[in-house]
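Mind docking chain L on chain H? Use the hints.
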Amino acid sequence: MILLPAIDIRGGKAVRLRQGDFDQETVYNEDPLEAARAWADQGARFLHVIDLDGAREGKPANLGHLERIANELTVPVQYGGGLRDVGAVRAALAAGADRVILGTAAYTDVEFLDACIASWASRVLVAVDVRGGRVSVAGWTKATQMRPEDVIDRMQRRGVRQFVYTNVDRDGMLEGPDLDEVKRIGEIIRGRFLYSGGIGSLEDFRGLCSLRLVNLAGIVSGKALYENRFTIAEVHELLDAA
Amino acid sequence: MIAVLDYGMGNLRSVEKALERAGAEVEVTRDADRIRAAAGLVLPGVGAFPKAMESVRELGFDELMRAHVDAGKPVLGICLGMQLLFESSSELGGAEGLGLLEGDVAQLDAPGLKVPHIGWNEVAWTNGTPVAEGLSNPAAFYHVHSFAPRPADTGDVLGRSTYGTEFASVVGRANIFGVQFHPEKSGPDGLALLRNFVRLAA
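Chains as they are written, first to last, in this note's numbering: chain H, 1 to 242; chain L, 1 to 202.
No wet-lab data here; the hints were simulated from the structure. Think of the CB as a built atom: it goes at the ideal place given N, C-alpha and C, for glycine as much as any other residue. Please note that a few of the clues may not be correct.
Here are the computed distance ranges between Cβ atoms for each label pair [as the list claims (entries may be wrong)]:
| # | chain 1 | residue 1 | chain 2 | residue 2 | range |
| --- | --- | --- | --- | --- | --- |
| 1 | H | A233 | L | T29 | 37 to 43 Å |
| 2 | L | T154 | H | T144 | 54 to 60 Å |
| 3 | H | D178 | L | R160 | 39 to 45 Å |
| 4 | L | G23 | H | G64 | 39 to 45 Å |
| 5 | L | K114 | H | R184 | 37 to 43 Å |
| 6 | L | R160 | H | D23 | 29 to 35 Å |
| 7 | L | R150 | H | V86 | 43 to 49 Å |
| 8 | H | A233 | L | R160 | 48 to 54 Å |
| 9 | H | S122 | L | K51 | 16 to 22 Å |
Derived coverage of chain H by chain L (criterion: at least 3 residues anywhere in the stretch with Cβ under 8 Å from a Cβ of chain L; other residues may be distant) [stated by the list, open to error]:
| # | segment |
| --- | --- |
| 10 | 38-45 |
| 11 | 79-92 |
Chain H with its partners taken away, still in its complex shape (with noise of 0.2 Å):
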């Protein structure tokens, strides 16, 4: 299991929203670049950026900023926001992205999501962004009446083993996972898939181990990191003990 520091892009700042509420925006770093190189130098993975400016508008408006992270770093890096097209999907790997995340497309256009699992099955995740218990897209503006479970359950058939599966209620709040949710979602994905949502101390790392899913194969965290809860090293060699 590694841990994926989050980068969250908004007019071309490194920010992080509550709950994903736009409307409750902290700016944490004035150049994403250097939000990632933080995290890089201090050993990261594997680095999760997200264009949230591209999440809310439909196309990727970031593509600067992950050239320049997937060029400066050297650390593997995944991106999502806004690539509901095939061409969207090719720049971002084009730019520099290990991996794309699909979002609100996967879950409207078969077509899209067929053409990206036939070309890059291994590189493509898909986000599961849960509020309320059921399926949340378009940068979490619009709800669903999907549940998680079946939403899984119909990307599996088409072939997608890869999720990232967000509790956009817990985000940004710092307060800790729900274990039995998480349990529960992992023992459904057949593939693997990386948790997102409310991390805020070690303790929720252990939570989570104590877990024993061999598909959760990574953790998301933003705020937490940003906030210092607790750093890098201390998070591996936790999981890497685990």
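Positioned in the frame of chain H, the structure of chain L alone reads:
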């Protein structure tokens, strides 16, 4: 100067930047004169072996690399670039390689696991090698591959990774080095490995 050989396979920018950070003066090039002038060569690459080898031959890199190695100057192959150092690969019907190292390249045998193998994996150094100087044993590196080399001489295996089964992830002989993983994506340890190589080329 370190020349990163450009044969049109994949994004070379991250390799270039990482070598710069490792203290090298770097040129990404396919120009024969620049390659002859280089103190060290890096052969990167992602993609399929046969097509890569075709480009390498068309650009005359095979002759240039052999001359470079014969002159005692160091070469580093990364990922597919490392596989090309061997005599052959069975990928996509098979093809001959550069033959700078003895042995072949075969599909990763990882029963029950997903191939390609993507992710961080520990590398245990086996025979002492200058590129591992100062690194812990084992040390973790970022791997992305479906094939792996099978050196004919176990003395050429400098490091091993395990994914389902054990495979040679670092190979080399004298001034020839190859890594199956991506040091340019492997954080501080990846940079340390590149720095060791850059030092050999000084």
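To see whether the hints hold, each was checked on the structure:
1. H:A233 <-> L:T29: 37 to 43 Å: holds, 38 Å
2. L:T154 <-> H:T144: 54 to 60 Å: holds, 57 Å
3. H:D178 <-> L:R160: 39 to 45 Å: Given about 40 Å between the Cβ atoms, the range holds.
4. L:G23 <-> H:G64: 39 to 45 Å: violated, 27 Å
5. L:K114 <-> H:R184: 37 to 43 Å: Taking Cβ atoms as reference, K114 of chain L and R184 of chain H lie about 23 Å apart, which means the hint is violated.
6. L:R160 <-> H:D23: 29 to 35 Å: The hinted range 29 to 35 Å is violated for R160 of chain L and D23 of chain H, with Cβ atoms some 53 Å apart.
7. L:R150 <-> H:V86: 43 to 49 Å: 37 Å Cβ-Cβ, so the 43 to 49 Å window is violated.
8. H:A233 <-> L:R160: 48 to 54 Å: violated, 26 Å
9. H:S122 <-> L:K51: 16 to 22 Å: Hint holds: Cβ distance 19 Å, inside 16 to 22 Å.
10. 38-45: Result for this restraint: holds, n = 5.
11. 79-92: violated (count 0)
In this structure, the hints that do not hold are numbers 4, 5, 6, 7, 8 and 11, in rising order.
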